[in-house]
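**Q** Using the sequences plus the hints, can you model the full thing?
The lines below spell out each chain.
2 protein chains.
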Amino acid sequence: MAWTPAGEAVNSARLAEYYKLPGAYLNKQLQALVRAGVMTSVSGPRGGFLLARRPENITVLDVVLALEGPEPAFRCEGILGNSPEADTEMNFVRSCLISQTMRQAELVWRQALARQTIAGIADSMERRFPEDRQKALDFLAADAG
Amino acid sequence: MAWTPAGEAVNSARLAEYYKLPGAYLNKQLQALVRAGVMTSVSGPRGGFLLARRPENITVLDVVLALEGPEPAFRCEGILGNSPEADTEMNFVRSCLISQTMRQAELVWRQALARQTIAGIADSMERRFPEDRQKALDFLAADAG
Numbered sequence: 001m002a003w004t005p006a007g008e009a010v011n012s013a014r015l016a017e018y019y020k021l022p023g024a025y026l027n028k029q030l031q032a033l034v035r036a037g038v039m040t041s042v043s044g045p046r047g048g049f050l051l052a053r054r055p056e057n058i059t060v061l062d063v064v065l066a067l068e069g070p071e072p073a074f075r076c077e078g079i080l081g082n083s084p085e086a087d088t089e090m091n092f093v094r095s096c097l098i099s100q101t102m103r104q105a106e107l108v109w110r111q112a113l114a115r116q117t118i119a120g121i122a123d124s125m126e127r128r129f130p131e132d133r134q135k136a137l138d139f140l141a142a143d144a145g
Numbered sequence: 001m002a003w004t005p006a007g008e009a010v011n012s013a014r015l016a017e018y019y020k021l022p023g024a025y026l027n028k029q030l031q032a033l034v035r036a037g038v039m040t041s042v043s044g045p046r047g048g049f050l051l052a053r054r055p056e057n058i059t060v061l062d063v064v065l066a067l068e069g070p071e072p073a074f075r076c077e078g079i080l081g082n083s084p085e086a087d088t089e090m091n092f093v094r095s096c097l098i099s100q101t102m103r104q105a106e107l108v109w110r111q112a113l114a115r116q117t118i119a120g121i122a123d124s125m126e127r128r129f130p131e132d133r134q135k136a137l138d139f140l141a142a143d144a145g
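Protein chains in written order, with this note's numbering: chain A, 1 to 145; chain B, 1 to 145.
You may find that some hints are simply not true.
DEER-style ranges, computed between Cβ atoms [claimed, not checked]: (1) R127/A <-> P84/B: 18 to 28 Å; (2) S95/B <-> V34/A: 47 to 57 Å; (3) N57/B <-> R53/A: 20 to 30 Å; (4) G44/B <-> I79/A: 26 to 36 Å; (5) K20/B <-> W3/A: 23 to 33 Å; (6) A141/B <-> Q111/A: 39 to 49 Å; (7) S43/B <-> Y19/A: 32 to 42 Å; (8) A114/B <-> R53/A: 32 to 42 Å; (9) Q29/A <-> E68/B: 21 to 31 Å; (10) E126/A <-> E77/B: 15 to 25 Å; (11) V34/A <-> A13/B: 48 to 58 Å; (12) A24/A <-> Q29/B: 30 to 40 Å; (13) T40/A <-> P70/B: 33 to 43 Å; (14) T40/A <-> E68/B: 28 to 38 Å.
Hints were generated in silico from the structure; no laboratory data involved.
None of the values given here were measured: they were computed from a predicted structure.
Don't be surprised by glycine CBs; every beta carbon is placed ideally from N, CA and C.
**A** Structure follows, in structure tokens:
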């Protein structure tokens, strides 16, 4: 979609066909991206989905959080607070070193994903496969086969 | 378990009681740690579980991979290879920049977890709660209540 002309929507059925993905599955992901503000959906005969902002301003992290949800993958259950001598006033999610280690690791994971943009991926694809951009656009613009 | 004297096993029922965890749930995790070589189980009346090596030599990553499995969390499905113009000889898992970005992020996540050892966590716990080590050991050594 970083390759489509600005403002032009991609038909989701055609996109599913392109990647040989089940339409319902792909639609669910596209709608999650719309809810997260990464994509916009357009209704009508030339409707479909398009990026909500320039691909330079969408990172892989934006996409991953849109699809997986913004919650951290590691959720501290605070079981240290269950032990007989635990101070029940203490916030173990904040103070526990296991929890801190997991959250710090998740932070560097997110930072790595935030360094790569959709534009960067599209550029790299185009450098490696110079003819694919036009072929993909032609396929997506054609009527469903 | 980093606090227990070397060679001494911890009773898993007592450990479940300490953290108020379901015994079956905790046992499943302990057995996964045994399978991964992080822990050892000992049978018999004084049996139970103990660390398979010194806590300085067990990282949080060892524990996480033991519990979650060694497979990367991100598994490339290679859907780029489904597109009509895809070179079917190409290994998209290796060449795709999305896949590379996800794997690189997972690598830094693993590196962060590998920097923290179980000994480090035990030391930090002991500095913050100097009395807890002995209390925990007394609780775990006592007969189930």
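**Q** A range of 20 to 30 Å was offered for this pair. Does it hold for the Cβ distance of N57/B and R53/A?
**A** Violated, since N57/B and R53/A (Cβ atoms, about 48 Å apart) do not stay within the stated range.
**Q** Is the distance from the Cβ of T40/A to the Cβ of P70/B consistent with 33 to 43 Å?
**A** holds (40 Å)
**Q** Do G44/B and I79/A keep their Cβ atoms within the hinted range of 26 to 36 Å?
**A** holds (28 Å)
**Q** Looking only at beta-carbon atoms, does the pair A24/A, Q29/B fall within the given range of 30 to 40 Å?
**A** holds (36 Å)
**Q** At the C-beta level, are V34/A and A13/B separated by a distance inside 48 to 58 Å?
**A** At roughly 50 Å between Cβ atoms, A13/B and V34/A fall inside 48 to 58 Å, so the hint holds.
**Q** In this structure, is the beta-carbon distance linking A141/B and Q111/A contained in 39 to 49 Å?
**A** holds (44 Å)
**Q** Taking the beta carbons of S43/B and Y19/A, is their distance inside 32 to 42 Å?
**A** violated (52 Å)
**Q** With 23 to 33 Å as the target window, see if K20/B and W3/A comply at their CB atoms.
**A** Hint violated: Cβ distance 54 Å, outside 23 to 33 Å.
**Q** Is it true that S95/B and V34/A lie within 47 to 57 Å of each other by Cβ?
**A** At 29 Å between Cβs, range violated.
**Q** Has the hinted range 21 to 31 Å been met by the Cβ atoms of Q29/A and E68/B?
**A** holds (24 Å)
**Q** Falls inside 32 to 42 Å, the C-beta gap from A114/B to R53/A?
**A** holds (36 Å)
**Q** Quick check on a hinted range of 28 to 38 Å for T40/A and E68/B, using CB atoms only.
**A** holds (36 Å)
The structure fails to meet hints 2, 3, 5 and 7 from the earlier list, while all remaining hints are met.
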